[in-house]
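Please model the complete structure; the sequences and the hints are all you need to start from.
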Amino acid sequence: MCGIAGIFCFDNQSPSKNLLTSMTRALAHRGPDGEGFHLSGPIGLGHRRLAIIDLSEAGAQPMSNDDESIWITYNGEIYNFKEIRHELEKKGHMFHSMSDTEVVIHAYEEWGFDCLERMNGMFSFGLWDGYRKKLWLVRDRLGIKPLFYYLQPNRILFGSEIKAILEDSRVDRQIDYEALAYFLALNYTPAPYTLFKHIRQLMPGSYMVVNDNGSHQIKEYWDIHYQEGKKKQRQSYYLEKLDTFLENSVRKRLMSDVPFGAFLSGGIDSSSIAYWMAKNLNEPLKTFSIGFGEETFDELQYAQTVSKRINSQHYEQIVKAQAAEVLPKIVWHSEEPTSDSSMVAVYYLAQMTRQHVTMALSGDGADEIFAGYETYQAYYLRKFYQLLPHGLRANIIAPLIHALPISDSNVSLNTKLRRFVSGAEILGEEAHGTWRVIFDDQQRKKLLSPVNHIPESHASNLDLYRTYFKNANAKHPLNRMLYVDTRSYLPNDMLVKVDRMTMAHGLEVRVPFLDHELVAFAATVPPSLKLKNLRHKKYLLKKSMQRRLPAQIIWRKKAGFNVPNARWIKGGLKPFVMDHLSTKRINEMGILDTTEVEKVLSDHFARKAENSHQIWCLLTLALWWERFQRIKE
Numbered sequence: 005m006c007g008i009a010g011i012f013c014f015d016n017q018s019p020s021k022n023l024l025t026s027m028t029r030a031l032a033h034r035g036p037d038g039e040g041f042h043l044s045g046p047i048g049l050g051h052r053r054l055a056i057i058d059l060s061e062a063g064a065q066p067m068s069n070d071d072e073s074i075w076i077t078y079n080g081e082i083y084n085f086k087e088i089r090h091e092l093e094k095k096g097h098m099f100h101s102m103s104d105t106e107v108v109i110h111a112y113e114e115w116g117f118d119c120l121e122r123m124n125g126m127f128s129f130g131l132w133d134g135y136r137k138k139l140w141l142v143r144d145r146l147g148i149k150p151l152f153y154y155l156q157p158n159r160i161l162f163g164s165e166i167k168a169i170l171e172d173s174r175v176d177r178q179i180d181y182e183a184l185a186y187f188l189a190l191n192y193t194p195a196p197y198t199l200f201k202h203i204r205q206l207m208p209g210s211y212m213v214v215n216d217n218g219s220h221q222i223k224e225y226w227d228i229h230y231q232e233g234k235k236k237q238r239q240s241y242y243l244e245k246l247d248t249f250l251e252n253s254v255r256k257r258l259m260s261d262v263p264f265g266a267f268l269s270g271g272i273d274s275s276s277i278a279y280w281m282a283k284n285l286n287e288p289l290k291t292f293s294i295g296f297g298e299e300t301f302d303e304l305q306y307a308q309t310v311s312k313r314i315n316s317q318h319y320e321q322i323v324k325a326q327a328a329e330v331l332p333k334i335v336w337h338s339e340e341p342t343s344d345s346s347m348v349a350v351y352y353l354a355q356m357t358r359q360h361v362t363m364a365l366s367g368d369g370a371d372e373i374f375a376g377y378e379t380y381q382a383y384y385l386r387k388f389y390q391l392l393p394h395g396l397r398a399n400i401i402a403p404l405i406h407a408l409p410i411s412d413s414n415v416s417l418n419t420k421l422r423r424f425v426s427g428a429e430i431l432g433e434e435a436h437g438t439w440r441v442i443f444d445d446q447q448r449k450k451l452l453s454p455v456n457h458i459p460e461s462h463a464s465n466l467d468l469y470r471t472y473f474k475n476a477n478a479k480h481p482l483n484r485m486l487y488v489d490t491r492s493y494l495p496n497d498m499l500v501k502v503d504r505m506t507m508a509h510g511l512e513v514r515v516p517f518l519d520h521e522l523v524a525f526a527a528t529v530p531p532s533l534k535l536k537n538l539r540h541k542k543y544l545l546k547k548s549m550q551r552r553l554p555a556q557i558i559w560r561k562k563a564g565f566n567v568p569n570a571r572w573i574k575g576g577l578k579p580f581v582m583d584h585l586s587t588k589r590i591n592e593m594g595i596l597d598t599t600e601v602e603k604v605l606s607d608h609f610a611r612k613a614e615n616s617h618q619i620w621c622l623l624t625l626a627l628w629w630e631r632f633q634r635i636k637e
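If you're matching positions, the sequence shown starts at 5 in my numbering and goes up one per residue.
Watch out, some of these pointers could steer you wrong.
[Said to hold, decoys possible] Straight line, CA to CA, 20 angstroms or less: simulated SDA-like cross-link-like pairs of lysine to any residue: (1) Lys546 x Val330; (2) Lys324 x His509; (3) Lys546 x Glu244; (4) Lys201 x Lys245; (5) Lys479 x Ile322; (6) Lys612 x Asn566; (7) Lys138 x Leu120; (8) Lys547 x Thr309; (9) Lys612 x Leu408; (10) Lys21 x Ile57; (11) Lys245 x Lys283; (12) Lys574 x Arg313; (13) Lys94 x Gly116; (14) Lys450 x Arg589.
I should point out that these hints are in silico values taken from the structure, not numbers from a laboratory.
Rendered as structure tokens:
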């Protein structure tokens with residue numbers, strides 16, 4: 005894993021060496037093992053190295069082909085690079101290192117853009133073709149690795165993180181209010197948007213070709229296709245296939261020249277990965293867990309149970325989180341605000357893990373490909389709820405639910421019920437988009453009234469979901485929801501969290517569930533084997549692992565990787581919250597309505613509403629503004 009940066013000028017100018025250097029060094033946390041630069045004519049490429057494969061200088065970047073007509077700055081891993089290399093060697097290609105980066109260069113020489121079809125891995129890269137005077141920017145299929153760019157009439161800047169681009173003081177930091185409106189609704193900024201109006205991120209499964217006159221095109225090279233028309237097989241067939249695909253995916257990701265281990269929460273996802281890792285190693289696997297000393301949010305006992313079963317060398321830590329101290333760091337690394345407080349947990353977990361290993365595997369992605377969220381159950385339950393008379397729903401059930409006492413849990417039962425009755429009244433499939441909403445349409449409109457820049461096309465938080473559903477290559481409702489989450493929530497929230505919080509500590513994390521071949525297989529699994537009788541989420545995965553892991557791990561309720569932010573906000577974090585969301589601060593920001601912010605706070609502390617997610621969202625937005633916008637003044 006690494007950090008990449010680059011400049012391509014269209015006006016017969018050469019990139020600034022000083023700018024390229026500062027852009028690259030802004031990513032030093034992503035690559036603590038070294039740096040490299042290439043400047044020639046209109047192109048400048050920078051690289052920060054985290055050495056995982058081929059630790060020698062032969063693996064340093066930027067890297068070129070033999071005649072130096074092609075240069076690359078590359079971030080990621082190609083897990084089948086040895087097979088591709090062997091194929092290329094038979095065609096006469098000569099190699100000078102054992103790195104996968106060099107294989108990408110030669111694969112491009114041989115097959116052009118079609119080389120992506122052969123690559124299995126996570127990656128983003130910038131490749132300069134000196135003969136054709138073209139820059140090729142690429143992001144992997146599922147969006148595991150990030151890639152941002154800033155396109156102007158005379159140049160393009162790109163980087164693994166926005167902060168590299170912001171090293172140029174001339175970059176316009178204007179806020180994108182469309183993106184901000186989406187963020188307040190969804191809790192993430194969906195690609196290709198960022199909160200900076202003129203900075204964009206490349207979509208997962210896409211590449212961008214930039215010509216020397218500044219013209220460019222973006223093309224999608226991969227998408228998920230659900231094969232619903234195929235004849236259904238017996239359950240045993242899918243179980244056997246899942247075992248094969250998952251074990252192969254894990255085995256491929258054990259390729260490393262540095263020490264590695266596994267995140268282990270004690271849930272079915274991370275436990276499955278840890279099991280297959282341990283099975284394919286000749287020495288004890290290192291596993292890592294953290295807790296926060298609160299029973300409701302602690303899964304350490306389950307992680308310990310799995311560790312004993314697979315005989316891992318287990319490391320755990322009880323974290324006394326200093327949220328006020330760590331939140332500004334998290335916002336700096338994530339480069340956007342968030343109400344996903346689990347970023348705190350991943351930050352501390354990565355910090356501890358990096359003390360022992362340089363690379364780790366995680367269980368991310370299983371929920372989106374095998375149906376692990378309660379939102380999928382809610383979609384079907386809503387159909388039964390809608391059978392009740394409207395008067396009963398509107399005049400009795402909804403008021404009763406809203407009268408339930410407020411809980412200090414992060415996502416309490418009453419909060420879930422409120423969201424359910426709200427979303428259940430929506431008739432279309434986009435109702436799926438209401439279950440995770442942070443601020444509804446009316447709240448969002450009031451919050452953003454000082455700027456009033458939300459176009460009609462963004463007036464509803466369901467607009468984006470309608471777009472994703474329109475693109476879904478599936479007919480079954482569950483598959484359509486899985487598609488939407490895999491193309492939106494997964495890359496824009498879950499994978500952002502994993503990449504930024506681990507790379508903050510120079511830790512590479514690999515995600516076996518997101519092997520594109522495994523994802524393609526999951527798309528062939530009948531929905532009834534993903535969500536069984538509305539009761540068992542990730543049913544096929546659980547059946548696969550039930551003879552390998554303890555029953556208490558397989559069938560226990562999903563907990564998620566949460567932190568007690570609701571209690572923090574009402575406890576030791578409250579002064580920090582009130583300071584950063586004070587009327588003075590909100591007025592200084594100039595983008596939020598002070599009355600609405602005060603209402604969110606007062607309702608929460610008066611126990612009229614459970615607004616911990618909304619407060620966390622606004623708090624991190626304020627921290628983001630202070631770090632990335634106040635600098636303009």
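Need the status of pair lysine 547, threonine 309: alpha-carbon distance at most 20 angstroms?
holds, 19 angstroms
Are lysine 245 and lysine 283 close enough, with their CA atoms no more than 20 angstroms apart?
holds, 18 angstroms
Given the hinted pair lysine 94 and glycine 116, is their alpha-carbon gap at most 20 angstroms?
Roughly 18 angstroms between the alpha carbons, so the hint for lysine 94 and glycine 116 holds.
Does isoleucine 322 sit within 20 angstroms of lysine 479, going by the straight-line distance between their CA atoms?
Not satisfied, since the Cα-Cα distance of roughly 45 angstroms exceeds 20 angstroms.
Quickly compare the C-alpha distance for lysine 612 and leucine 408 to 20 angstroms and report which way the hint goes.
holds, 10 angstroms
Taking 20 angstroms as the top limit, are the C-alpha atoms of lysine 138 and leucine 120 close enough?
holds, 17 angstroms
Hint check: lysine 612 vs asparagine 566, CA-CA at most 20 angstroms. Holds or violated?
Status violated; Cα separation ~23 angstroms.
Is lysine 21 close enough to isoleucine 57, meaning Cα to Cα at most 20 angstroms?
It is violated: about 28 angstroms lies between the C-alpha atoms, which goes past 20 angstroms.
20 angstroms limit on alpha-carbon distance, applied to hinted pair lysine 546 and glutamate 244
holds, 13 angstroms
Is lysine 201 close enough to lysine 245, meaning Cα to Cα at most 20 angstroms?
Violated, at about 45 angstroms.
Need the status of pair lysine 574, arginine 313: alpha-carbon distance at most 20 angstroms?
violated, 39 angstroms
With the threshold set at 20 angstroms, check whether the alpha-carbon distance from lysine 546 to valine 330 stays at or below it.
Answer violated: lysine 546 to valine 330 is near 36 angstroms, above 20 angstroms.
Hint check: violations occur at hints 1, 4, 5, 6, 10, 12; the rest are consistent with the structure.
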